[in-house]
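In order, the protein sequence lines correspond to chains A and B.
Numbering-wise, the working numbering puts 301 at position 301 of the first sequence, and it's gapless, one number per residue.
Heads up: take any position in the second sequence, counting from 1, add 386, and you land on the working numbering.
None of these hints come from the bench; they were simulated from the model.
You may find that some hints are simply not true.
Once the Cα atoms are required to be at most 30 Å apart in a straight line, the calculated DSS-like pairs of lysine-lysine come out as [unchecked claim]:
| id | chain 1 | residue 1 | chain 2 | residue 2 |
| --- | --- | --- | --- | --- |
| 1 | B | Lys936 | A | Lys350 |
| 2 | B | Lys936 | A | Lys285 |
| 3 | B | Lys936 | A | Lys209 |
| 4 | B | Lys552 | A | Lys366 |
| 5 | A | Lys285 | B | Lys935 |
| 6 | A | Lys371 | B | Lys981 |
| 7 | B | Lys981 | A | Lys366 |
Just some of the chain A residues that point at chain B, by a computed CB distance under 7 Å [said to hold, decoys possible]:
| id | residue |
| --- | --- |
| 8 | Asp89 |
| 9 | Leu290 |
| 10 | Ser295 |
| 11 | Gly297 |
| 12 | Arg299 |
For every residue, glycine included, the Cβ atom is placed at its ideal position computed from N, Cα and C.
These are the residues of each chain, in order.
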Amino acid sequence: MKVICDRAALQEATNLTAGVVNPRSPRPQLACIRLTAKREGAGGTLTLAATDAEISLRLTTDEVEVQEEGEALIPADKLRQIVAAQDTDPTLTLETDGEKTTIKGTGSRFLIYGFPPGDFPPIPDFPKPEAAADAFSASSEVFLQLIQRTIFSTARENSRYAINGVLLKRHNKKIEMVATDGRRLALARGTVDPGASKSEGGQCIVPTKALNLAQRLLPTAADKIRIAITDNQIMFAFDDPDSPGGTVLTSNLVEGTFPPYEDVVPRDQDKKATLNVETLSSAVKRAALLTNEESRGVRLAFTGAQDKMLRLSSRAPEMGEAEIEVALDGYEGEGIEIGFNPAFITDALKVVTGNDVVMELKAGNKPGLIKSGNDFLYVVMPVSLQ
Amino acid sequence: MTQASPIQSEIRVLPALVVDQIAAGEVVERPASVVKELLDNAIDAGAGRITVELEKGGIELVRVADDGAGIAPGQLGLAVHPHATSKIRSTEDLDRIATMGFRGEALASIASVSRLSIRSRARGEDGASVIEVEGGSASAVRPDAGPVGTVVTVRNLFFNTPARRKFLKTPTTEQGHCVDLVRALALSHPAIGFVVRCDGRVVLDVPSGQAVRERAFAILGREMETQYVEVHADRFDDARGIALWGLAGLPVLARPTARWQHLFLNGRPIRDRTVQHALREAYRGLIEPGRQPAALLMLEMDPGAVDVNVHPAKAEVRFRDSGMVHKAVYMAVREALRSTDLTAREDAQRFRFEPVVNGGAAATGKSAVGERFAEYFERLVPDAGTKNFDYEGIKRTLEEERAQIERENARLEDERRRIAASAPDAPEGARARTPDMAGQHGLVEMRPGGRILQVHNSFLVTQDDQGMVIIDQHALHERVMYEKISDRLAAGALESQRLLVPEIFEASSARIELLEPLSGLLERLGIDATPAGPHSVSVHAFPTFLFDKKVEPGAFVGELLERAEADGWDRTMEGGSDSAREELLHEIVDMMSCKAAIKAGDRLSEQELDELLAMRERVERSSNCPHGRPTAIRLTIRELERQFGRS
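Work out the full structure: start from the sequences and follow the hints.
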């Protein structure tokens, strides 16, 4: 293999693929990136592939000149460091000789000992729609928003594996993504294009790591991405079907049962506050200044439909107290006091679009509901107040 | 029931000897009881120096010689008569007992079960007199030669009561009891010199005229001076009527039994639950639950405020106002501990750091240090031969300890795995840097003063004005969490986060039933758990800060119920005292802080390191984790210099 690569394009591609690699993998081959150079017409493509045995990513760049086709298997961290360090070079030349790869820049030459490319596990191709249990396509903009609106609510390292991922549920054109860590739940809705899919839809749980990678790949993806789901895997194709190679992310699904989230969304909230997102966010952040590890909660006191005020207060023993007052855009129902973890509120406010949110409440020990339009719902459980 | 009783019963008056022998059973159980009675008498006689001789652990011979006032020849006969005593004259005196012995039955009791002889010369007399008693019958008093003072010789203890003799333990054990007893009395009477000879060998020799502190370390061992903190309460004036001096052992000295506790009331060694409890309370959080602190406490109070005539051996007393005593002890000890840096002090003699050999140290360092720790603690174990032979008690203690060790081992195993998982990073980094530094500077990287080094993501190394301080990050953080949660609890219930969907876990019906009696406790701790069926429990709310530390509600409450069942917490909640319930609350806070704390193997950022150390300064009693293990070890400059051969 011999390729001359645009350094910036190569750096971007190596950074993304190296993100998949588990540097502590017991198999050194899995800590590598596999490079595949192909000549196509006048130019050619370089495909980078990496896997951590759960998730695999294949990424293709055409900003290369392939002088000789071939393959190489190189330790990911070294490749990434070298490409990043040669930052004054417009191009780098990669040439392989057996398991050894030489990277040449201006006035520098690196020889890296790699592994036989055949040692690398096969990376699956994006399946044909008929081979998958479910297949559909979605606007990359919509899909990015679905991820952003849910991923922050996932649990981390919870022994209930199901909630360490995001639930993806499709019914015809409608798609819902749901994430929860047991204390709050985020639900985002959108529409997709089921295309010629033979099924009405289905549901699966996608690992957070895979969606994090997708989140990084989506801004540069084609307008429409394709998604296919098989028994135990989900696959995303980020490029147009007719573009050569293409970027494909494959991930094993999370096994387990997602909590019955429909039952958690409260339906009989009798107090409704309409708030400006900026105002609420700023007020919560200020009240949170005087909280600490043992006294996390911020008290929200809604005065009622008459004066339409919200008084936020916090108190950390031995530290101090804060009191913030803001005016509400609207309020229905009686006054109420309720305590929340301030981070849970600001997390949600970061991902809503539009100027206003509606906060619906029932009682101090019952869940709160935050709504933004019809496509974002957020359930947050209160904390006890002194 | 018309059958005749197997015993031919006819009521009759017992002969005097039998009466004495029965009385002797209460006072004289073993050679140590003899030693005790004779020492009491010698001390009361104003002795300046007392010699105790033992043969075969005192079974063959106990001889106590003093240089006290002595007994006039005319009184010798009376001395061995029951209830003859020079110390009390009327019942009023019983209210104000200031002398060691007082019941007037000691010598007669001993005389009834041994071959006793007394040789005494009272001050002002020309010569000594001797009386011999065998099995209760006394010889005539005859003159003899000898110095001023009294020598009591007791031979062949229990020669005429073979049943009692059979109950004696081996001579080594009996000797241990005797020596312990002399030690105790020597502690409380620093002005008196004591010599103990066992089968001709001197096992204890302390001079007369010592100060209390001097005597204490003469008995405990000179090397223990750095291991104890002095305790004072000179509060004669504040109407408590109690004065206290003592030594409180560093937490590392704590033992499963109260053997290292020496309690004295007005110079008399006592066992007292009130004082023991006050001590344990003062050490709460500093030593593992179930362990007993090492301490020496001398209480002085108005003899009228205490009843010592409760038990023939006078070991137990009854305080008129035990609450006051509890408070005085607790406050004094706690104050002393609070104002002391309890960082375990590494003594050169007992803790040897070997010079680090290039290369080899990294591979073997961990286990070698572990071994040295083990050695260190082994040396602290009390001498063999003087063990408490309460077999059932020891067995119980061992079982408790084993359970504790198993719990701890499981946790350590967890940590080890975590460290192993994070380890590959460290050596690689180290290898990459070392040759470079050696080449350029030939020096180990210097860290500015106050900076902290994290070793193997487990230990922190820093310095203070005395030398180098090594901190166990988990233990320290655990301690910090414990204090924070305890403070928060004092202000009210812990902040609690409700769950979206209750977390359900399986539990036996016995454990589910514990939820009811524990509900008050759980509420204060911010836990809302209810039975969810015959075999499951659901958790509806859980403390906010535990969530933040990724502690899972179901697993935690499950473990809590498991311990509640094993330790019978429901009984404590229903029938226990307020302080027992409070203790339980703190036990759960212990559990919480352990789960919430940084683990060994967790990499800390520079900022986190700074924060943790800053908290160390702020938090009271940060020198031990709530389980009582030390959070930090100090290696003094002096010790480092010694190790490098500079001194």
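Checked hints:
1. This hinted pair checks out: B:Lys936 and A:Lys350 have alpha carbons roughly 24 Å apart, not beyond 30 Å.
2. Annotation: proposed proximity of B:Lys936 to A:Lys285 holds, straight-line Cα distance about 23 Å (limit 30 Å).
3. For the hint linking B:Lys936 to A:Lys209, the alpha-carbon distance of about 19 Å falls within 30 Å, and the restraint holds.
4. For the hint linking B:Lys552 to A:Lys366, the alpha-carbon distance of about 73 Å lies beyond 30 Å, and the restraint is violated.
5. Proximity of A:Lys285 to B:Lys935 is assessed by CA-CA distance (about 21 Å); at most 30 Å being required, the pair is judged to hold.
6. Between A:Lys371 and B:Lys981, the direct Cα distance comes to roughly 36 Å. Violation of the 30 Å bound is thereby established for this hinted pair.
7. Using a Cα cut-off of 30 Å, the hinted pair B:Lys981 and A:Lys366 holds, with the two alpha carbons roughly 28 Å apart.
8. This hint is violated: A:Asp89 has a C-beta 25 Å from the nearest C-beta of chain B, more than the 7 Å allowed.
9. Restraint check, A:Leu290 versus chain B: the minimum CB separation of about 14 Å is more than 7 Å; hint violated.
10. Because the smallest distance between the Cβ of A:Ser295 and any Cβ of chain B comes to about 6 Å, under 7 Å, the interface hint for this residue holds.
11. Residue-level restraint check for A:Gly297 holds (minimum Cβ-Cβ distance to chain B is 6 Å; threshold 7 Å).
12. The restraint placing A:Arg299 at the interface with chain B is violated, with a minimum CB-CB distance near 11 Å, outside the 7 Å limit.
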